[in-house]
Structure formats: structure tokens, C-alpha cells
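Engineer: Listed below, chain by chain, are the residues.
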Amino acid sequence: MAAKRTAPPPANPNPNRRRVTSAADDSASAPPSKRMLAFHFLRALSRIHSSTPVPRRTRTIRRAAYSSMARAASPRSAWSRALLRQVRVRRAVRSRRAVLMRRRVSAAPAPPLGASRSSVSAGQTSVAPPVRTPPPRQEGEPARADALRQLIPGGNGMEYCSLLEETADYVRCLRAQVQLMQGLVDLFSGQ
Amino acid sequence: MSGRRGRISDDEINELISKLQALLPESSRRRNASRSSASKLLKETCSYIKSLHREVDDLSDRLSGLMSTMDSDSPQAEIIRSLLR
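Each protein sequence line maps, in turn, to chains A and B. For the first sequence, position 48 matches number 48 in my numbering, and the numbering has no gaps at all. For the second sequence, position 30 matches number 30 in my numbering, and the numbering has no gaps at all.
Quick caveat, the hints were computed from the structure, so don't treat them as lab data. Heads up, some of the hints might be wrong.
To be verified - In silico SDA-like cross-links for lysine to any residue, where the CA-CA straight-line distance does not exceed 20 Å:
no., chain 1, residue 1, chain 2, residue 2
1, B, K43, A, R144
2, B, K19, A, R96
3, B, K43, A, Q179
4, B, K50, A, N156
5, B, K50, A, R76
6, B, K19, A, A176
Unchecked claim - Derived coverage of chain A by chain B (criterion: at least 3 residues anywhere in the stretch with Cβ under 8 Å from a Cβ of chain B; other residues may be distant):
no., region
7, 143 to 156
8, 167 to 177
Glycine included, every Cβ here is placed at the ideal spot set by N, Cα and C.
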């Protein structure tokens with residue numbers, strides 16, 4: 001009874017799978033197909049179900065929602081690339097922090113390790129992205145655009161026009177993701 | 001040179017903005033029927049995105065609660081399995 005669900009097919013995170021909807025690429029990029037969204041998200045969910053302890057699940061599920069959304073989206077969208085980059089960096093930081101903590105625990109309170117980044121103290125969850133000079137402000141660009149930039153992943157490096165395009169794409173995908181999750185919740189709770 | 005290279009035409013920007021406007025939920029769209037300022041539209045978009053983020057958080061929470069009560073023999077699990085195959 002406590003048997004795990006059959007493991008999903010061997011993870012094949014190749015971008016090849018995404019080619020399903022690449023036909024409508026010319027103008028506004030079409031939202032990712034629902035199937036791709038569902039596939040990525042469900043796969044992440046089943047992994048979470050078998051491996052993550054309950055207390056941390058909400059956060060993990062939320063992260064999985066964003067990364068599966070980014071994976072299902074077309075790689076032409078800058079926001080999806082930025083999201084995936086964030087995920088990778090965060091994972092690297094976490095494993096690095098784990099290594100450092102272990103080192104700190106085992107060794108005596110060692111003198112600061114010179115120029116190395118041993119200042120990664122516990123509690124630091126955000127990673128400083130490589131500093132990028134923001135592109136020159138376009139004339140007529142409203143000040144609101146900065147607030148938007150904060151919301152769209154990778155928005156800080158974009159100029160106004162691409163920001164608008166990326167926003168439209170992001171909103172479409174986000175909405176589809178929300179619909180998917182809502183559908184799942186309904187499915188699971190309506191039994 | 002202030003030729004075509006650095007400036008995107010206003011028309012393109014307006015077109016993009018109206019596309020964005022079409023994406024926003026119905027209620028705000030009716031209010032902004034006529035050409036609203038780009039600034040207001042961006043503000044609506046920001047709050048819409050934030051509300052979507054909140055929904056994702058909320059749904060993740062509910063999903064995590066539901067998942068712990070799921071067992072592997074339920075019909076839902078079967079649906080998931082078949083989708084993933």
C-alpha cells in the first residue's frame with residue numbers, strides 16, 4: 001500500500017521535447033502547450049512526493065512550478081532562460097553552502113579563508129546576480145517599467161521593447177500554470 | 001547617431017502595450033477601454049503579475065497539503081501515471 005508510484009520515465013530534460021509547439025513562432029510566441037506544462041510539473045510533483053519531507057514541501061512545490069513553467073516555455077523567451085539560470089545558481093549556492101558548513105563544523109574556527117567567498121553566512125538566500133549595467137533608458141519609457149523589471153525574471157537587463165514582449169509571454173505562461181495547478185487541486189480534492 | 005537603430009518606433013510600442021492590455025483580466029480591461037496611459041497599464045500589469053504569484057503560492061500550499069493525503073492506489077494517481085507514461 002505504501003508502494004511508491006511507478007517511477008516516471010527516465011528523466012529526459014532535453015529541449016527536444018519542447019519542439020512540439022514551435023510552429024507558431026513568428027509573432028507573439030504561443031503559450032506552452034498544456035501538455036508540456038502538465039508533463040514537467042507532474043514529473044516534478046511525483047519526485048517531490050517521494051523525496052521531500054512534508055514541512056518543506058510548499059516551498060519546493062512553488063519552486064517546481066516556476067522551473068517547470070520555464071522548462072515548458074520556449075527557450076526563445078528570455079525570462080525562461082533567466083529563471084532556469086536562477087534555479088541553477090541557487091542550487092549551486094545551496095550545495096556550496098552545505099560544503100562550507102561542513103568544513104566550518106569540522107575544522108577549528110579557522111581564520112578567514114583569504115579571498116574565498118567564505119562570507120556565505122547561513123540565512124543568505126538570495127544570490128547577487130552578476131552586476132549588469134542596465135541598458136540606457138528609452139525615452140518616453142514610464143517609470144513604472146522598473147517595477148515591472150523587478151517582477152519579470154531577467155528583466156533587469158532588458159530594454160523597454162523586449163520587456164513588454166517578455167511580460168506578455170510571461171503572463172500567458174503564468175496564467176496557464178495557475179490554471180494547471182488549480183485543475184490539479186480540483187482533481188485531488190474533488191474525490 | 002539617432003537613426004533607426006536606437007529608437008523603437010512608437011507604433012510598435014503601442015502595439016505591444018495593447019497586446020498586454022488584452023491579456024489583463026476582464027474587469028480591468030473594461031475600465032481602461034480607451035487608450036489609457038502606458039503607465040497605468042504597466043501598473044495594472046504589475047499588480048496582475050503579483051496576484052498570479054500569490055495564487056501560485058496559495059496553490060502550492062494546497063497541493064502540498066493534498067499530496068500528503070494521497071495514496072498511490074487512488075484514481076488520481078492512476079491519471080498521473082498515465083499522463084507521465
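Engineer: If a hint holds in the structure, say so; if it does not, say that too.
Structural biologist: Status of each hint after checking the structure:
In summary, the hint linking K43(B) to R144(A) is supported, as the alpha carbons are separated by about 7 Å, within the 20 Å threshold. Restraint check for K19(B) and R96(A): the C-alpha separation of about 43 Å exceeds 20 Å, so the hint is violated. Between K43(B) and Q179(A) the alpha-carbon distance is near 23 Å, which puts this suggested pair outside the 20 Å criterion. Using a Cα cut-off of 20 Å, the hinted pair K50(B) and N156(A) holds, with the two alpha carbons roughly 17 Å apart.
Between K50(B) and R76(A) the CA atoms are separated by roughly 23 Å; this puts the pair beyond 20 Å, and the hint is violated. Distance check on the hinted pair: K19(B) and A176(A) sit about 17 Å apart at the alpha-carbon level, within 20 Å; holds. With a cut-off of 8 Å between beta carbons, the region 143 to 156 of chain A has 7 residues touching chain B; three or more are needed, and the interface restraint holds. Coverage of the region 167 to 177 of chain A by chain B holds in this model, with 8 residues showing a Cβ closer than 8 Å to a Cβ of that chain against a need of three.
Checked against the numbered hints above, the structure breaks hints 2, 3 and 5 and satisfies the rest.
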